[in-house]
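Let's have the full structure, built from the sequences with the hints guiding it.
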Amino acid sequence: MSTTSAEFWRASGAPPDPQTYQVDGRDETLPVYKPEVFATIETEIRTLDAELRSLSLDIHGHPELKFEEIYAHDTLTAFMRKHKWAVTDHYHLKTAWVATFTHKSGGRTIGVNSEMDALPGVGHACGHNLIAIAGVAVALGLKAAMIKHDIPGKIILLGTPAEEGGAGKVMLLDKGAYSEMDICVMCHPAPGPKFGASLSSSLALQRFEVEYRGHTAHAALSPWQGQNALDAAVAAYTNVALLRQQIKPSHRVHGVFKGNDWAANIIPDNSSMLWYARAPTLAEVEAVEPRVRGCFEAASLATGCKVEITVPEPGVKIADIRQNKALGHTFAQTWRNKTGPIDYEWGIASASTDFGNITYALPSIHPGFSIPTVPDGGNHTRAFTAAAATPEAHQATLEVSKALGLTCARVLLDDDFFEEVKATFEEDLRKARAA
Numbered sequence: 078m079s080t081t082s083a084e085f086w087r088a089s090g091a092p093p094d095p096q097t098y099q100v101d102g103r104d105e106t107l108p109v110y111k112p113e114v115f116a117t118i119e120t121e122i123r124t125l126d127a128e129l130r131s132l133s134l135d136i137h138g139h140p141e142l143k144f145e146e147i148y149a150h151d152t153l154t155a156f157m158r159k160h161k162w163a164v165t166d167h168y169h170l171k172t173a174w175v176a177t178f179t180h181k182s183g184g185r186t187i188g189v190n191s192e193m194d195a196l197p198g199v200g201h202a203c204g205h206n207l208i209a210i211a212g213v214a215v216a217l218g219l220k221a222a223m224i225k226h227d228i229p230g231k232i233i234l235l236g237t238p239a240e241e242g243g244a245g246k247v248m249l250l251d252k253g254a255y256s257e258m259d260i261c262v263m264c265h266p267a268p269g270p271k272f273g274a275s276l277s278s279s280l281a282l283q284r285f286e287v288e289y290r291g292h293t294a295h296a297a298l299s300p301w302q303g304q305n306a307l308d309a310a311v312a313a314y315t316n317v318a319l320l321r322q323q324i325k326p327s328h329r330v331h332g333v334f335k336g337n338d339w340a341a342n343i344i345p346d347n348s349s350m351l352w353y354a355r356a357p358t359l360a361e362v363e364a365v366e367p368r369v370r371g372c373f374e375a376a377s378l379a380t381g382c383k384v385e386i387t388v389p390e391p392g393v394k395i396a397d398i399r400q401n402k403a404l405g406h407t408f409a410q411t412w413r414n415k416t417g418p419i420d421y422e423w424g425i426a427s428a429s430t431d432f433g434n435i436t437y438a439l440p441s442i443h444p445g446f447s448i449p450t451v452p453d454g455g456n457h458t459r460a461f462t463a464a465a466a467t468p469e470a471h472q473a474t475l476e477v478s479k480a481l482g483l484t485c486a487r488v489l490l491d492d493d494f495f496e497e498v499k500a501t502f503e504e505d506l507r508k509a510r511a512a
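Sequential numbering from 78 applies to the sequence shown in the working numbering.
Bear in mind the hints are in silico, worked out from the structure with no lab data behind them.
Heads up, some of the hints might be wrong.
[Claimed, not checked] Simulated crosslink set (SDA-like; lysine to any residue; CA at most 25 Å straight-line):
#, residue 1, residue 2
1, LYS508, PRO357
2, LYS394, GLU145
3, LYS325, LYS508
4, LYS225, LYS415
5, LYS111, GLY183
6, LYS402, ASP491
7, LYS402, THR358
8, LYS159, LEU134
9, LYS394, ALA364
10, LYS159, ARG130
11, LYS161, SER256
12, LYS394, HIS169
13, LYS335, ASP308
14, LYS271, ALA460
15, LYS394, TYR314
16, LYS271, TYR421
17, LYS325, PHE285
18, LYS111, ILE228
19, LYS225, HIS180
20, LYS161, THR179
21, LYS499, ILE228
22, LYS383, TYR314
23, LYS335, SER299
24, LYS415, PRO108
25, LYS383, GLY332
26, LYS111, LEU475
[As the list claims (entries may be wrong)] Taking CB as the label site, the calculated pair distances span:
#, residue 1, residue 2, range
27, GLU422, ALA512, 16 to 22 Å
28, HIS331, LEU142, 19 to 25 Å
29, TYR148, GLU422, 32 to 38 Å
30, ARG321, THR120, 47 to 53 Å
31, ASN337, ALA512, 39 to 45 Å
Given the structure is predicted, the values throughout are model-derived calculations rather than measurements.
Glycine included, each C-beta is placed from N, C-alpha and C at the ideal position.
Dropping the structure here:
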């Protein structure tokens with residue numbers, strides 16, 4: 078067995094009774110919603126197993142950075158065309174795409190996301206090849222259920238580029254790509270308990286680009302004639318390190334710096350930095366932002382260098398995930414009945430994703446699901462790149478796709494449930510805005 082396979086899944090103890098699900102602090106017995114519909118979704122995804130595995134490994138073997146996902150775009154759109162979906166290439170963005178299926182007239186519209194981009198140097202170290210096929214599996218499984226059980230509605234499968242540092246979904250949101258959807262779903266792999274799933278939130282995020290301009294001088298002959306832009310960057314880094322003592326443990330501030338044409342015997346006249354500030358909610362990011370900016374400005378004052386602080390494109394804050402409570406309940410009861418344990422803590426709770434902005438715009442869920450990896454081999458490591466190609470990770474992806482597929486089917490079938498979905502979305506949004 079490989080070092081990234083199931084033997085390394087963290088022991089989670091005895092799983093809970095699969096019929097028991099905790100709702101608002103109470104253990105309640107909840108059956109799977111419409112098991113005959115779940116069976117149709119499950120059968121379709123099982124039938125597609127080999128095709129989906131091949132698709133995942135193909136994308137994994139051709140990693141592409143943000144806004145460069147040309148191979149993934151062409152491969153995924155060809156796959157959906159083969160399965161008789163209406164496909165639009167280069168949808169609003171060069172490497173975005175959309176595939177749609179409609180059954181009968183009327184009904185609601187389900188949105189599903191497939192991510193595609195990889196990371197510099199480490200490839201698919203966040204498992205976006207798995208997210209890509211999960212979106213495909215949800216869409217195809219739901220389509221099969223709509224046809225067999227004569228369920229009216231529409232599916233919009235959206236291929237979303239540039240999650241890693243490009244906020245591709247926010248761009249697509251601004252361009253109207255989500256406007257027709259009644260709900261939207263996707264999922265994300267992470268280390269965790271065997272066959273575990275999580276409905277955690279994530280961290281909101283603000284990026285900063287910081288540039289210092291000083292003046293060169295001979296570093297030994299006349300250093301007093303210079304303004305040292307490298308010193309400014311080092312001072313800013315130190316200021317942030319001091320700030321970390323006075324901000325909440327749940328907040329994160331981290332960055333890197335670089336320069337051009339530096340030499341040890343020349344006072345550097347330039348330096349640039351990229352910083353991320355993160356917090357559990359948008360409101361908290363907005364509160365910590367001026368304190369972080371103060372660290373950069375103080376370094377400018379101390380060194381005599383000029384500073385320019387900008388927000389990089391697309392110039393937006395990345396929101397925390399607001400998991401829709403009603404959608405989450407249905408997903409959780411399905412998962413615990415059919416697959417394994419679920420919680421509200423791990424997942425990508427300490428990371429950030431542009432899907433957070435989608436959860437502020439319409440009812441959405443973004444469960445995490447566990448795949449096996451080595452100790453300390455979590456997301457954004459080479460070990461996770463290897464883990465994202467294992468058969469066990471593929472199987473976990475299919476399991477989460479089945480539960481998401483049934484959650485989407487319930488939105489199409491159950492009018493009362495959809496009203497609850499909308500009501501819980503509005504209630505949560507009011508809480509977020511009041512924070």
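Verification of the supplied hints:
| no. | hint | result |
| --- | --- | --- |
| 1 | LYS508 / PRO357 | holds (14 Å) |
| 2 | LYS394 / GLU145 | holds (22 Å) |
| 3 | LYS325 / LYS508 | holds (21 Å) |
| 4 | LYS225 / LYS415 | holds (21 Å) |
| 5 | LYS111 / GLY183 | holds (21 Å) |
| 6 | LYS402 / ASP491 | holds (16 Å) |
| 7 | LYS402 / THR358 | holds (17 Å) |
| 8 | LYS159 / LEU134 | holds (18 Å) |
| 9 | LYS394 / ALA364 | holds (13 Å) |
| 10 | LYS159 / ARG130 | holds (16 Å) |
| 11 | LYS161 / SER256 | holds (24 Å) |
| 12 | LYS394 / HIS169 | holds (21 Å) |
| 13 | LYS335 / ASP308 | holds (12 Å) |
| 14 | LYS271 / ALA460 | holds (17 Å) |
| 15 | LYS394 / TYR314 | holds (22 Å) |
| 16 | LYS271 / TYR421 | holds (15 Å) |
| 17 | LYS325 / PHE285 | holds (20 Å) |
| 18 | LYS111 / ILE228 | holds (13 Å) |
| 19 | LYS225 / HIS180 | holds (11 Å) |
| 20 | LYS161 / THR179 | holds (11 Å) |
| 21 | LYS499 / ILE228 | holds (20 Å) |
| 22 | LYS383 / TYR314 | holds (16 Å) |
| 23 | LYS335 / SER299 | holds (24 Å) |
| 24 | LYS415 / PRO108 | holds (10 Å) |
| 25 | LYS383 / GLY332 | holds (19 Å) |
| 26 | LYS111 / LEU475 | holds (19 Å) |
| 27 | GLU422 / ALA512: 16 to 22 Å | holds (20 Å) |
| 28 | HIS331 / LEU142: 19 to 25 Å | holds (20 Å) |
| 29 | TYR148 / GLU422: 32 to 38 Å | holds (36 Å) |
| 30 | ARG321 / THR120: 47 to 53 Å | holds (52 Å) |
| 31 | ASN337 / ALA512: 39 to 45 Å | holds (42 Å) |
Comparing the model with each earlier hint shows no violations; every hint is respected.
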